[in-house]
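Residue numbers (this note's numbering), protein chains in the order written: chain A, 14 to 462; chain B, 15 to 170.
Everything labelled a hint here was simulated from the structure, so no lab data went into it. Quick reminder that beta carbons are idealized off the backbone N, C-alpha and C, glycines included. Hints are supplied without guarantee of correctness; some may be wrong.
Claimed, not checked - Reference excerpt, derived from the structure (chain A facing chain B, CB under 8 Å, subset only):
no.	residue
1	SER142
2	VAL294
3	PRO297
4	THR326
5	GLU328
6	GLY336
7	CYS343
8	VAL357
9	CYS377
10	GLN378
11	ASN431
12	ASN440
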Amino acid sequence: MEPLADEPMADEPIVAEPLADEPMADEPMADEPMAGEPMADEPMAAEPMADEPMAAEPPAEGALPAEEFDIQPEAFAFESDFGEFESGLGEVEPEWGFEAEPRRWESWQRETPRRTTGAPASCPPRRTSVKCPPRGARPSAILDYFGFDSANVNSGCHTLLLDDAARRVIQTQTSRQPIRSILLVGHADASGRERYNVGLGQRRAEAVLLRLCRTLERMRPGITRSITFQVASCGETQTKATPELSRRVEIFLPTPPAPAGCPPFTERIRLHMKILARPSVSIPTMLASMRQVYEPAGFLVEFVSCEVLRLPTLEVLDVRCPGDVTQTCCPFPCPTANLNAEHVALFQQRNNVESNELAIYFVCQTIPDLRGCCAHPPGRPGAVVASSATQWTLGHEVGHVLGLQHVCNTNRLMNDGNCGGTAAITNPPPDLTAAEIQTMTASNLSTPC
Amino acid sequence: MEGVMAISTEQLRLRLNADEPDYTSMARLGPAIVPQLMQLVQDRNQAVASAAAALAGMIGGEQAMQVLARAARSRSSQVRTAAAGALRSVKAPAASRLIAPLLKDSDKNVRKFAIKATAARRDPALLAELDEINELDPEPAIRSLAASVLARSPRF
Chain A
14 MEPLADEPMA DEPIVAEPLA DEPMADEPMA DEPMAGEPMA DEPMAAEPMA
64 DEPMAAEPPA EGALPAEEFD IQPEAFAFES DFGEFESGLG EVEPEWGFEA
114 EPRRWESWQR ETPRRTTGAP ASCPPRRTSV KCPPRGARPS AILDYFGFDS
164 ANVNSGCHTL LLDDAARRVI QTQTSRQPIR SILLVGHADA SGRERYNVGL
214 GQRRAEAVLL RLCRTLERMR PGITRSITFQ VASCGETQTK ATPELSRRVE
264 IFLPTPPAPA GCPPFTERIR LHMKILARPS VSIPTMLASM RQVYEPAGFL
314 VEFVSCEVLR LPTLEVLDVR CPGDVTQTCC PFPCPTANLN AEHVALFQQR
364 NNVESNELAI YFVCQTIPDL RGCCAHPPGR PGAVVASSAT QWTLGHEVGH
414 VLGLQHVCNT NRLMNDGNCG GTAAITNPPP DLTAAEIQTM TASNLSTPC
Chain B
15 MEGVMAISTE QLRLRLNADE PDYTSMARLG PAIVPQLMQL VQDRNQAVAS
65 AAAALAGMIG GEQAMQVLAR AARSRSSQVR TAAAGALRSV KAPAASRLIA
115 PLLKDSDKNV RKFAIKATAA RRDPALLAEL DEINELDPEP AIRSLAASVL
165 ARSPRF
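Use the sequences and the hints to build the structure in full.
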C-alpha cells in the first residue's frame, strides 16, 4: 500500500515565501510583485489609506514624473469617443471588443495610410483621454501586478506582454486591416480615495503607453506616427478578485466588426502564461513558433496575461496518477478527474483566465520527466510546459488541449513520443492537416473571431 | 525474451527525448534495456538523462538500482530530482540507501521528492532524517512536507 500516494502537498501552504536563491533568470524581479506575496510597501490594515497615500494627492510613491510624459493639457480636457455609447445613442459596430468605440471600422479602412517607417518618433506619443470602457470588455492583454501605489512597468511579465502586443501591431501593418488605434485603460485597487485612484489608473495607463511606444519604435522606427493612442482610467470601479489583479492596465486592440472577424484569421485562441520557472527556450520563441504553425491555419494566438507564481512546492510537478505512482497521468483526451492533489492545486491558479481560455503553466520539471503535459481538471483547460520544452512543445500541448491526437510523423506538430516528439521534427515549421484544423476549429476553446 | 536488443540505444534515446515519453510501453522492454539506460542516464541532454532515470525506476530490479544510484550522484539537480522521484516506486530495501543522501541534497526539489519517496516506505532511519528536516530545513515548504509525512507515518 502506498500510504501517501498523491497527497502530502495538499495541506501545505501553496503560496510560500519567495526563494531568495532562485530568481526568475532573465526576468529581473526587482519591481515585480509576486503572487500572493504581501506588497512590501503596503501599509498595515489599520491604516486608513491603503493603495494610495494621502488625499491631497502629493506625488505618489512610484509615480512617474509628469515631465516624462510631456502631458498636453488638451489631452485631459475630457473628450470621449465613448460618449455615444454611454448616452445610448451609439449605433456603431464593435471595434474594441466592447460596444463602445471611437469610430466605425470602415473609417479606419478609409484612412489614408501614414508613414509607418523611417525616422523614429518621440515617446510618449500624442494621445487622447477617453472614458472608462464598460465592465466586461475583453482586452487583448492585461498587465497586472503593478506595485502598490506604483505606475512602474515591471521588467518581467509586463515586458513580455508589451513586446508581444507590439509585434502584433506591427504584424498587421502590412495586412488589409492594420491596427491604427490602441486603447490603454488603467485600473487601481479599492484602497484609498476614489479620486486618487482615478489619477493612479491614469498614471499606470500613461506609463504603459510610454513603454509601448518605445517598444514599437524600437521594433519599427516611426510606426507610432500612424497609430492613434487613447488612454482611460477606470480608477477603482472595476476591481478584480485581489488587489494585485486589480492594479492593472488593459490593452485593447481594435477588432474589426463581423463578418470581417480578425482576418486573415478565422479563430482565436487566448493564452495566459503562469510562470513558475523559466523555460530553456524563451516564452516569446515558443509563442512565435506556435504562431508559425497556427496562424497559417487561421488561428490567431493571443497572449493575454502573464503571472509569476511563487509556488515553490509545485516548481517540479508530480504528474503521477493518484494511487498508482507507477503510472503517469498525462492522458488524452486531456480533461481528466484522475489527477493527483498537487497537479490539481496548480490548475487552481486561474487568475484572469476565462473558461474558454487556456492557462499555460511553465514549471521547472515534471516527475516523471515530460516536456509538456496537457492533462487538466475538467473545466480548467490548460497545459504544463517544462523547462526542457522545445520551441514546438507549447503548440503541441495546446494542440492536444484543442483535441489533437498524436501521430507518428516528424513533419507534423503532433509527432508522438515513439517517433521522438517535437524534438525530432525534421522540416520546420511542422504541419497541421486539414482534419486537425477542423478538430481545432470545433473545439470550444477556439472561438470565432 | 522480450527486451534483448529489442531497441537500439539511439531509438531509446529518441523515445526518451520526446515531449511525452511513453514510459509504460518502454517499461515493457524490461531489464534488458538497463545497460542502455545506464549509458543514457549520463547523457548530456538532461531531459534524456532524467527520463532514463524515471524509466529505470519503473523497470525496477537490482540492475535498475545501479542506474538510479548513478542518477542520484549526477551533477544535474534535474537528474537527481528524477532519481528521487523514481525511487518512490522502487520497493527494494536497497532504495533506502539512495534516498538517505537525497534527503540532504542542496536542491529543495530533490529533497521534496526524496521525502515523498520516504513516505512510501517504513524505514525508521529515513523517518529520523525527516525529523531533522522538519526541524532544520531552510525551506518552510519542505519542513511542512516533512511534517505532513511524519504525521502520517507510524513510529516504532
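Hint check results:
Annotation: SER142(A) was flagged as interfacial toward chain B, and the flag is violated, the nearest CB pair being 46 Å apart, outside 8 Å. Interface hint status for VAL294(A): violated, as the beta-carbon distance to the closest one in chain B is roughly 12 Å, over 8 Å. Residue-level restraint check for PRO297(A) is violated (minimum Cβ-Cβ distance to chain B is 20 Å; threshold 8 Å). A cut of 8 Å between beta carbons decides the hint on THR326(A): the least distance to chain B is about 5 Å, and the hint holds.
Below 8 Å, beta-carbon pairs count as interface contacts, and GLU328(A) has one with chain B at about 6 Å; its hint therefore holds. The beta carbon of GLY336(A) is not positioned within 8 Å of any beta carbon in chain B (closest approach about 12 Å), and the interface hint is therefore violated. Hint status for CYS343(A): holds, given a least beta-carbon distance of 6 Å to chain B, under 8 Å. Given the 8 Å rule on beta carbons, the hint for VAL357(A) is violated: about 16 Å separates it from the nearest Cβ of chain B.
Below 8 Å, beta-carbon pairs count as interface contacts, and CYS377(A) has one with chain B at about 7 Å; its hint therefore holds. Using the Cβ-Cβ criterion of 8 Å, the hint placing GLN378(A) at the interface with chain B is satisfied: the shortest such distance is roughly 6 Å. Taken as an interface hint, ASN431(A) checks out: its beta carbon lies about 6 Å from the nearest beta carbon of chain B, inside 8 Å. Checking ASN440(A) against chain B: minimum C-beta separation of about 17 Å lies over 8 Å; hint violated.
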